[in-house]
Amino acid sequence: MYSFDWSSIPGAIPYLWEGMIRTLEITAVAVIAGMLIGTILAVCRLSRNVALSTLAAAYVTCFRSVPLVMVLLWFYLLVPDLVKRIVGNPSLDIRLLSAFVAFSLFEASYYAEIIRAGIQSVSKGQVSAGLALGMTSGETMRLIILPQAFRRMIPLLLTQAIILFQDTSLVYVMGLADFFGVAYNTGNRDGTLVELILFAGFVYLVICFVASTLVRNLQKKIA
Amino acid sequence: MATVLADLDFRVFMQPVVGGGGNYLTYLLFGLGWTLSLAITSWILAFVVGSVIGVLRTLRGNVLPRLGALYVEIFRNIPLLVQLFIWYFVLPEIAPLFGTWFKERLSPEFQQFVSATLCLGFFTAARVSEQVRSGIMSLGTGQYGAGLALGFNTAQVYTLILLPVAYRIIIPTLTSEFLNLIKNTAVASTIGLVELAQRSKNMGEYTSRLYESFIAVTILYAIVNLIVMLISRNIESATRLPGFVGGKK
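Protein chains in written order, with the numbering used here: chain H, 1 to 223; chain Y, 1 to 249.
Hints are computed from structural coordinates only; laboratory data are not their basis.
It should be emphasised that the depicted structure is a prediction, and the values quoted were computed from it without experimental measurement.
Virtual Cβ for every residue (Gly too), placed ideally from N, Cα, C.
Treat the hints with caution; some may be incorrect.
In silico DMTMM-like pairs for lysine to aspartate or glutamate, Cα to Cα no more than 25 Å straight-line [to be verified]:
| # | chain 1 | residue 1 | chain 2 | residue 2 |
| --- | --- | --- | --- | --- |
| 1 | Y | Lys103 | Y | Glu93 |
| 2 | Y | Lys103 | H | Glu195 |
| 3 | H | Lys84 | Y | Glu73 |
| 4 | H | Lys84 | Y | Asp9 |
| 5 | H | Lys221 | Y | Glu130 |
| 6 | Y | Lys103 | H | Glu113 |
| 7 | H | Lys124 | H | Glu113 |
| 8 | H | Lys84 | Y | Glu130 |
| 9 | H | Lys221 | Y | Asp7 |
| 10 | H | Lys220 | Y | Asp7 |
Beta-carbon label-pair distances, calculated as ranges [claimed, not checked]:
| # | chain 1 | residue 1 | chain 2 | residue 2 | range |
| --- | --- | --- | --- | --- | --- |
| 11 | Y | Trp101 | H | Asn188 | 45 to 53 Å |
| 12 | H | Thr159 | Y | Pro164 | 25 to 33 Å |
| 13 | Y | Ile223 | H | Gln148 | 21 to 29 Å |
| 14 | Y | Leu5 | H | Thr54 | 21 to 29 Å |
| 15 | H | Leu97 | Y | Trp101 | 20 to 28 Å |
| 16 | H | Met1 | Y | Arg11 | 39 to 47 Å |
| 17 | Y | Pro164 | H | Phe202 | 15 to 23 Å |
| 18 | H | Phe202 | Y | Ala6 | 32 to 40 Å |
Computed, partial: chain Y to chain H, Cβ under 10 Å [unchecked claim]:
| # | residue |
| --- | --- |
| 19 | Leu45 |
| 20 | Ile74 |
| 21 | Asn77 |
| 22 | Gln83 |
| 23 | Ile94 |
| 24 | Thr175 |
| 25 | Lys183 |
| 26 | Asn184 |
| 27 | Gly192 |
| 28 | Val194 |
| 29 | Phe214 |
| 30 | Tyr221 |
| 31 | Asn225 |
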């Protein structure tokens with residue numbers, strides 16, 4: 001029978017906490033930037049301008065057909081090289097920045113689809129009403145359609161944020177010390193990998209379970 | 001940017017692999033083989049387990065639906081990477097029988113493959129079960145009642161009436177779960193399985209031609225995605241049900 005040894009966890013709490021902060025940082029940046037870029041993509045995709053809508057559709061399809069791990073490897077191994085060639089400063093460590101950008105661009109393609117569906121769920125009469133009031137189509141989108149669309153999308157957007165929070169653990173492939181990275185390294189160093197992995201899993205489970213329960217309650221309230 | 005483009009040299013795929021065995025094109029294609037076998041074996045597991053859990057959640061009573069819901073909560077609220085590490089690093093240590101079989105009978109390659117299959121299978125099952133459940137729920141209680149009235153027992157109602165219809169309704173969402181599964185196999189590279197993503201990295205290290213290998217692998221993933229989408233569109237139109245939204249008239 002395996003005998004568990006949880007002794008290395010209490011001492012590691014401060015480092016795990018720092019890791020959690022980093023995890024939350026990446027999540028927050030990617031949620032905000034992803035939603036901004038995603039909104040722009042969704043509006044472009046629904047626009048009557050063929051070039052714009054094709055470009056936006058191509059962006060979304062490209063990012064959604066490639067694994068996140070592959071996108072992270074692109075941004076970890078190739079984009080820094082590209083930046084160095086352009087900026088010409090070989091000593092720059094832009095791993096964290098790379099991670100921010102990679103997650104933001106990747107999530108944008110998922111947010112774009114959610115937001116597009118949200119916009120399409122607003123009835124056409126609202127657009128006509130906006131235009132009839134003398135608003136331009138841009139104003140109608142910004143002041144009438146988007147506020148209603150976002151209100152309906154809130155549960156889906158939050159669910160996507162929870163998925164993103166879990167996906168940030170994949171920065172493991174970039175060697176960044178996020179919450180799971182710290183847990184893994186601590187376990188590896190102290191020979192308590194089993195306990196640290198289980199502990200990390202438990203923490204994720206509690207956080208995500210509470211968050212998704214809250215989202216579900218919110219959904220009931222809105223619906 | 002321009003220099004990178006000018007430097008690209010796709011003849012690298014014809015070079016022999018360091019350590020023997022074909023050129024880099026076949027090296028990547030074998031990686032794709034691992035990716036697809038992993039995706040297909042885990043999909044079978046996910047489909048079976050997901051169907052059982054999905055059915056459990058629609059049954060009457062208190063215990064079984066709650067067990068199903070518990071399964072879904074656990075497997076959806078732990079990151080895939082962490083689940084993979086639990087299957088690969090934790091379970092063989094703490095589960096005596098599984099651990100002995102795992103460590104003594106399996107080569108490292110198959111240890112990685114078995115862990116990844118179990119992980120992706122049970123992870124995807126949670127998502128499949130949600131689809132199966134919503135498929136069954138969308139049929140309402142009429143068909144269930146009709147089945148009972150004809151003298152079927154519950155198991156027969158499910159296997160002969162509800163599930164065949166439910167599966168046909170949820171083919172589009174199952175397809176997108178399968179596509180997600182193919183993409184998720186890339187996570188198996190973190191435990192050292194030399195599937196497609198891992199091989200693109202290796203090839204980059206062996207040849208210093210990271211751009212070429214990444215471009216090729218990214219395109220391979222996109223092609224697989226496209227092929228699966230086309231196949232499923234055909235299955236979908238072949239199995240479309242009359243009388244349902246998007247069905248035949």
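Each hint tested on the structure:
no. : hint                            : verdict
1   : Lys103/Y - Glu93/Y              : holds, 9 Å
2   : Lys103/Y - Glu195/H             : holds, 19 Å
3   : Lys84/H - Glu73/Y               : violated, 44 Å
4   : Lys84/H - Asp9/Y                : holds, 21 Å
5   : Lys221/H - Glu130/Y             : holds, 22 Å
6   : Lys103/Y - Glu113/H             : violated, 44 Å
7   : Lys124/H - Glu113/H             : holds, 19 Å
8   : Lys84/H - Glu130/Y              : violated, 46 Å
9   : Lys221/H - Asp7/Y               : violated, 57 Å
10  : Lys220/H - Asp7/Y               : violated, 56 Å
11  : Trp101/Y - Asn188/H: 45 to 53 Å : violated, 25 Å
12  : Thr159/H - Pro164/Y: 25 to 33 Å : holds, 30 Å
13  : Ile223/Y - Gln148/H: 21 to 29 Å : violated, 39 Å
14  : Leu5/Y - Thr54/H: 21 to 29 Å    : holds, 23 Å
15  : Leu97/H - Trp101/Y: 20 to 28 Å  : violated, 45 Å
16  : Met1/H - Arg11/Y: 39 to 47 Å    : violated, 57 Å
17  : Pro164/Y - Phe202/H: 15 to 23 Å : violated, 40 Å
18  : Phe202/H - Ala6/Y: 32 to 40 Å   : violated, 51 Å
19  : Leu45                           : violated, 20 Å
20  : Ile74                           : holds, 7 Å
21  : Asn77                           : holds, 4 Å
22  : Gln83                           : holds, 7 Å
23  : Ile94                           : holds, 4 Å
24  : Thr175                          : violated, 13 Å
25  : Lys183                          : holds, 4 Å
26  : Asn184                          : holds, 7 Å
27  : Gly192                          : violated, 12 Å
28  : Val194                          : violated, 14 Å
29  : Phe214                          : holds, 6 Å
30  : Tyr221                          : holds, 5 Å
31  : Asn225                          : holds, 4 Å
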